Amino acid sequence: MKPDINYLKKPLYFDGAFGTMLQKKNAIGLGELPPVLNITKPDIIREIYNEYVSAGSDVVTTNTFEANRLKLKDSGYSVDEIVKAAVAIANSSKAEYSALDIGPTGQLLEPMGNLSFEEAYDIFSEIVKAGEDQTDFIILETFSDLLEIKAALLAAKDHSELPVIASMTFSDDGRTFTGTDPITAAITLQELGADIIGVNCSLGPGDLLPIVKKILSVAQVPVIVQANAGLPQIIDNKTVYTITPEEYSDYVLEMAQNGVSVIGGCCGTDPDYIRAIKEKVDQIKIPEVKNKKRTALTSSTKTTYLDDGIKITGERLNPTGRDNLKEALRAQSYDIYIAESLNQEREGADILDVNVGLPGIDEAETLKKVVKEISSVTSLPLQIDTPKGKALKEALKIYPGIPIINSVNGSKESMDTVLPLAKKYGACVIGLLLDEEGIPKTVEKRLEIAQKIIDEAAKYGIDKSKIIFDALCVTASAQQEGVMVTLETLKRLKEDFGVLTTLGVSNVSFGLPERDLFNSVYLTAALNSGLNLPIVNPGSEPIKEVIDVYRVINNEDRESKNYIENYSNRNRKIITDKVQAEGRKSSSKDLKSLIIDGLKEEAISETIKLLETVEPEVILNDYIISALNEVGERFEKGEIFLPQLMQSAGAVQGAFELIKKKTASQGLNKLDKGKILLATVKGDIHDIGKNIVKMMLENYGYTVYDLGTDVDAETIITKAKELDTPLIGLSALMTTTVESMKEIIEKLRENGCDNKVMVGGAVLTEDYSKMIGADCYCSDAQASVRYANEFFSEVTNE
Amino acid sequence: MYLINTDYNTLEVRPEEIWKSLGWKNQKVSEELKEKTESIIDKAKHLIKPKSVLLTGDLVKTEDSLSFYGIELGGKTIKNFLETSGSAALMAVTLGIEIDREIKRLERTDLTSALLLDACASLLVEALCDKVSDDLALEMKEENLYTTERFSPGYSDLPLELQPKLLNLLDTQRKLGLTTTSTNLLIPRKSVTAFIGIMDKPREIRSSRCNNCILKGKCKYGICYHET
Chain A
1 MKPDINYLKK PLYFDGAFGT MLQKKNAIGL GELPPVLNIT KPDIIREIYN
51 EYVSAGSDVV TTNTFEANRL KLKDSGYSVD EIVKAAVAIA NSSKAEYSAL
101 DIGPTGQLLE PMGNLSFEEA YDIFSEIVKA GEDQTDFIIL ETFSDLLEIK
151 AALLAAKDHS ELPVIASMTF SDDGRTFTGT DPITAAITLQ ELGADIIGVN
201 CSLGPGDLLP IVKKILSVAQ VPVIVQANAG LPQIIDNKTV YTITPEEYSD
251 YVLEMAQNGV SVIGGCCGTD PDYIRAIKEK VDQIKIPEVK NKKRTALTSS
301 TKTTYLDDGI KITGERLNPT GRDNLKEALR AQSYDIYIAE SLNQEREGAD
351 ILDVNVGLPG IDEAETLKKV VKEISSVTSL PLQIDTPKGK ALKEALKIYP
401 GIPIINSVNG SKESMDTVLP LAKKYGACVI GLLLDEEGIP KTVEKRLEIA
451 QKIIDEAAKY GIDKSKIIFD ALCVTASAQQ EGVMVTLETL KRLKEDFGVL
501 TTLGVSNVSF GLPERDLFNS VYLTAALNSG LNLPIVNPGS EPIKEVIDVY
551 RVINNEDRES KNYIENYSNR NRKIITDKVQ AEGRKSSSKD LKSLIIDGLK
601 EEAISETIKL LETVEPEVIL NDYIISALNE VGERFEKGEI FLPQLMQSAG
651 AVQGAFELIK KKTASQGLNK LDKGKILLAT VKGDIHDIGK NIVKMMLENY
701 GYTVYDLGTD VDAETIITKA KELDTPLIGL SALMTTTVES MKEIIEKLRE
751 NGCDNKVMVG GAVLTEDYSK MIGADCYCSD AQASVRYANE FFSEVTNE
Chain B
1001 MYLINTDYNT LEVRPEEIWK SLGWKNQKVS EELKEKTESI IDKAKHLIKP
1051 KSVLLTGDLV KTEDSLSFYG IELGGKTIKN FLETSGSAAL MAVTLGIEID
1101 REIKRLERTD LTSALLLDAC ASLLVEALCD KVSDDLALEM KEENLYTTER
1151 FSPGYSDLPL ELQPKLLNLL DTQRKLGLTT TSTNLLIPRK SVTAFIGIMD
1201 KPREIRSSRC NNCILKGKCK YGICYHET
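Sequence order for the protein chains is A and B.
What the first sequence shows, in the working numbering, is residues 1 to 798, in sequence order.
What the second sequence shows, in the working numbering, is residues 1001 to 1228, in sequence order.
One chain only, chain B, in its complex shape (with noise of 0.2 Å):
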């Protein structure tokens, strides 16, 4: 099943939000930078053109491989993550590539402005993401199911090496002009590729492995699924 979503121009986000991530810890903030971060967020919301494809469809699980549609998904971690999905989504997600460019641009004349703009657009990324999540969500819970969070190429152990299989898989070349790099990095730069599980009960969050686990204060998902 596929859904093409073009309407994600509700995209919001906050200038406390990019500082954050640019590791703002509420020190003092002048009111140029305010306004540069205000401007710059109006900036992004105008280049960027948010698209997404989703493709559901049954995992196939045997002792010691875990696949859809034909595509091994290697690496322990996401065996784990998936572990009570019986099905997945398979998401795809682009702001386009103009905003790759005024970066590219502004790293040229205005480095802060690009630093910001970088910040915004990874964060709005993150928020369209979270929006056709949301969309699965509610929909699936029509259906009495249950969605997981999402899980991409390059978290873990699951090798990006996937994302070529998984773009060809979602035609998103066609569909939303995102490509890779040689070496497996998504072109525009602000794409994401992600599973999302999908299960016919809640899960129960399992964080007594957190102690002990490589990614422990790295973690994103403050919810585990990795072997320890």
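Only chain A is shown next, with the shape it has when bound in the complex (with noise of 0.2 Å):
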């Protein structure tokens, strides 16, 4: 019979520490696999699992912690047949259930790591389908980073019906290793379908209190706590957990008294222990744990809840009007995107909306990537911007937290799209007022089709708490009578369904002049009607004028603070920056000398100055390339170091902007100098090396296409052939990787790629670089900067 977890009357006791009983009965070496004793030594298991149960476990878990096919790799056996093996012992032992225990994988996800997250779905899911059909429980337990957990219950959740644990581990900073703090940990994971969320390992009861603590302020479901018995002390050359079972079972006794109704142990416990646990906690009818449900929203560092103020939705990681995104796009080099989105969360964004939609390019890979790269550098909570039901399951599936879909409409197809992967990734949704027939014209009729959505919604599991609707904003140039509907719907959103809301703004004021002023004040009349979620530019100064004040009326900025704390000593700052300002104009040096020197603000400045006057391309050439030379020159020569190259490229970044924008706005491209492909080589996730060659390469003029870290040789062939690179960057850092990088480049010459290929990195040598069959070996960036010059002009010349 299978344990009813929902309503648990008692708690339910699993075992204690596995290897800490194994160490015991010697029965295992250090550095040892534990998984491959199911195999060798199965009597010795089982003997452990009989102890606990006499001491009171209900759940024994199986010893397939590190039964993975990573971990396994080098063992001689399957997964399959240790699992097997596995839930064997477990279920000829006494106890009462069994729970399929799964670690994590022992490599970090990408971006900070290189398992994709695929892979780590596929290894989970090879466990879970080798031991679910005789186990009553799956346990994820010990893991430190959200996105893996989430990939193990999917798989989870994916391949069996049992009730999942998703358990992770905390560090003394009171988050997980990669930064979770426990509340966004217990709200991701009951989100994404977990039937029973905490904490294990980490620390001893005591220290892990607090987290618990914060992890019941939240739960929607029970919660497991299993302790570590304190931390490792060395007493006489042997490892010792120093809390007796005594003192751990007083705080256990704490947790259940606060609403622990799972419990078990980990490192440094053993049987008396839960004996003492469960002594302790029998006596005790355990509370009923009751939070509120709120509407929240997680990135892998932070929880944001959506019905407590006003949320600002940052709007420009869209290439809709933006020329340099839609490049990017184009180029698949996305750092402008990720530059975007630190930029509008340092401007006060609370949600970033994240858009790639652009004929043309693969929606799906592209918004998998640019999301996957963006929360691995913001805190903020992303909204997944795109009608492509593809590229959104793609994007949902890689993203660590719980996002904003937008968006769901009222027709049926949309509906069943994206309503089953709302549920499925405990998403919320933005749902848009139209449907198969088109914006209604009137108010009865847009909140006819939220009805629509929300009961729809309802049939998935969906709570209308989640969804948030988009009472969608019309041009006042275009249709004038249609900008009071919306007002008028976001007010009846309000009082009819008490739902959240959300309106693109800027949307407003299309073609007409002064679009901010308009902006802030059509922003003002939609937060009075009712606007909880506003997507804007954060950068615009009237829109955060407005929403700074507007968080003081509705009580949100208590005692003012926020409001008081920026704008007192407002004109002051206004006119501290015009001397400035006014100071840096009135600099002496030219632009060379400003590259030269380094300094960026001051070049942006000289730069706007002469394009009054000077033409882009005499700029680049006269001014910015002259300044380049010299100071690379310079460099070569070592009369300056690399960051003060680097000063100067970072100088010139700004500058070139300008000259681009101007040149495309004069519908002229004089400036490419050439297609270069760069890439970081498989294995290998050193990148900034890459990344100072790409700076300075751009620099110069040339178009850079950038495919990151760890690429392999199809996809640098593929991507050469598809972007017309005549020139191929590779750079490697480690003895091993240089090895890819010669199987890329035979890779290439097999194919018939005549591009041409300059390398670098750390370990390489002219020797080696020509034995690789490279055609250029760069010992430093300016070294790449030569050859491209000396490639492309030949090019040319020819």
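Among the clues, some could well be false.
[As the list claims (entries may be wrong)] Covered stretches of chain B (chain A as the covering partner; in silico rule of three or more C-beta atoms under 8 Å from a C-beta of chain A):
| no. | segment |
| --- | --- |
| 1 | 1023 to 1034 |
| 2 | 1100 to 1114 |
| 3 | 1129 to 1141 |
| 4 | 1167 to 1180 |
Hints were generated in silico from the structure; no laboratory data involved.
Predicted model only: the values in this text are computed from it and were never measured.
Don't be surprised by glycine CBs; every beta carbon is placed ideally from N, CA and C.
Each of the two chains sits in its own frame; use the hints to bring them together as a complex.
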């Protein structure tokens, strides 16, 4: 009989440490793989289970924590063999229930590591499939990466009907090693469908208490705790855990009194601990954990509640009307997306809308990459903005948290596609008030669509608190009579349904002058009509002002703290900025010297000035390239060193952007001096060197396509052909990955690609680069510029 | 024997050291770069979460093999390196993932700062290694034992493929959050594993071999254990 975990009338006791017991019984040496003992020493494992059962454990966990294909690689056994053996032992013990134990892979997922989400999912699926039919629970434990446990949780849910326990481990700073706090972990895991959530390993039970209380404060499902018996200490050359069963069980009792109902032990515990716990906890009635359900979004490091005030959704990660983002998408080089994410975060955005829609690109692949990269650098939750089901699914899968989906509408097709995905990935979803027949003209009709979406979502078990309705902003210059309908809709959505609302505010002013002014007045009206999540440009001062004031008015900015802080000395600040700006303008240096001195801001001001009178191409050649050449020369002579060279290069970047904008507005494309493909090779994840090369090459006017790190030969060949880049730059920092470089060059040649290849990286030498068939060895970034210059001038001269 | 230390907040690094690691040869440095470097050091100190694990144990030597807790240490150099050591310590240290993230962020917004922070973190992890080594040396001295320098997988012919086994032995994923990639790079990036030999008496320095060594000019130890 399966335990009725949703209505636990009595606590459920798991077993304690396994490794500790194996060591006590001298059954295993350090560094040996415990799961192999399922085959070699099944009796000892059964004996341990039975000792735990005698002490009071209801559930024993299978000895499969490390039984994944990465860790078993050299063991001589398959995952299936080991898992099946382990499950059989657990089931032959005296325990009432068994739980299939799954631990982390031992590798970190992309983009911080290089294990792909898909492979992680596959690794976990293999374990689940091998063991699920003979066990009662699946327990995912000791995870510290939220994305990795998400992969495991999805694998468990997709391949079994069993209740899944998701338990993470926290460090002494109260976060997991990858930076996830307990509340974020708890919310994410339960929204993803975990049946029991909690914490194990980590610290002793006393130090875990604050973490456990945080989890209990948001839990909607039962909570599990399996603490260590304190931190290990060395006494007489032996590892000793210092917390006694007596002390340990006191803490656990306190946890149970707070609502923890699933209890076991981790490192250092043994049957005595379980016995002591059971003795105490059996005496009490564990209170049911009741928390108000709140609408929350998570990133891997932060929870953002949507019900406690205005949240700004940053609109700028959208290629519509933005040439530099379009260009980045076509070039598959997403740095500018990432920089814009960080800018918007700094400017005060609470959520980032991410849209990569552009005709002619693979939206699923692109969105996945962009979401992966952005979510690894920002702490803000993302709003995944795509009309395409496949792209949406790919992005939802690899997003390490609870995002917003933008969007579903009232059409059957949209609801059938989006709502199941929202349910599966625990996401909030924006409901657009339109359907097959378009945007209704009247408020009533729009509300009917809202009702339709709410009803349909309910069928999937999605509560209306997770639907954020978009009242649909219309453009005043085109549909003036519709502007008020939108505002009225906002009001009625609040009154009739009590739901959250959002609005793409900036659309209203399209085609009108002074858009910031227009937008800010409209925003004020919309906020007053009940708008919760304005989608705006957080960098716009008038918009920020409206929101800052409104946050005081609606009692969200308590005691006007934030407002006073930001606006008290405002006039003074404006004056200082002005003085500085004027001082800058009167700078006696010309652009060339400013670049040589690495003065970025000044170089930008000077470029703006120059552009009024001088042709962009002239600025590029006479000032920028000339400065870069001089700096490059000084670098090569050893008069300056790398950071100084880079400061000059950095000063050029801003100036270059302005020049590009100008030429683009003139419809010219004279600046493109040639296309270059860059990549850090397969197996290697070092990218600073490559990025330096990229910046330098771009400054000289080359179009650089950056494929990123860990790139295999196939991708390079495909992209080199597709993007038609006659020059390829490869970077490798490790002796081992230089091998991949060799392989890439060989495969390029086998495929008849005659692209020139320049290589660089710490371990490379001139000789070695010749040996692997490279056309040029670049000892530093300047050398790659020199080679590119030579190469492209030859090409042009031919 | 395990030692787990988290109290390493005294790690120091100076701007000049960072510059030197980036090729500085006493060129004149602008005030701006000086300030930038100082603020980067400050930032680094707030971002790192230094952690370390150390395990000592006997070395098992046969005619042609050397092993530590059943892990075979391949390559000739480590055998020379540990020639006079009866036991050894294996250490793993890390600065944590947060500094990796910040370097990644800076790479997109201010590459010079990214480079400086990366270099700074490399020096900090080296300083952390020194601290762990020094502590071990002090402790050993009390027992009249001596320690060697550090020797890491990937150096000379000690294969990088050892990394997962070493991490597994030290249980670093659980203790430090330290993992490897499929190509045996350590993640978080600013992490090190290394062996330190433990000897009954201090060892003579054998520098005569250096002239013919393949690592000549690249060797960071100044003491040679390499087979010529």
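Taking the hints in turn, this is what the structure says about them:
1. 1023 to 1034: Holds: 8 residues of the segment 1023 to 1034 of chain B have a Cβ under 8 Å from chain A.
2. 1100 to 1114: holds (count 12)
3. 1129 to 1141: violated (count 0)
4. 1167 to 1180: holds (count 9)
In this structure, only the earlier hint numbered 3 is contradicted, and the remaining ones agree with it.
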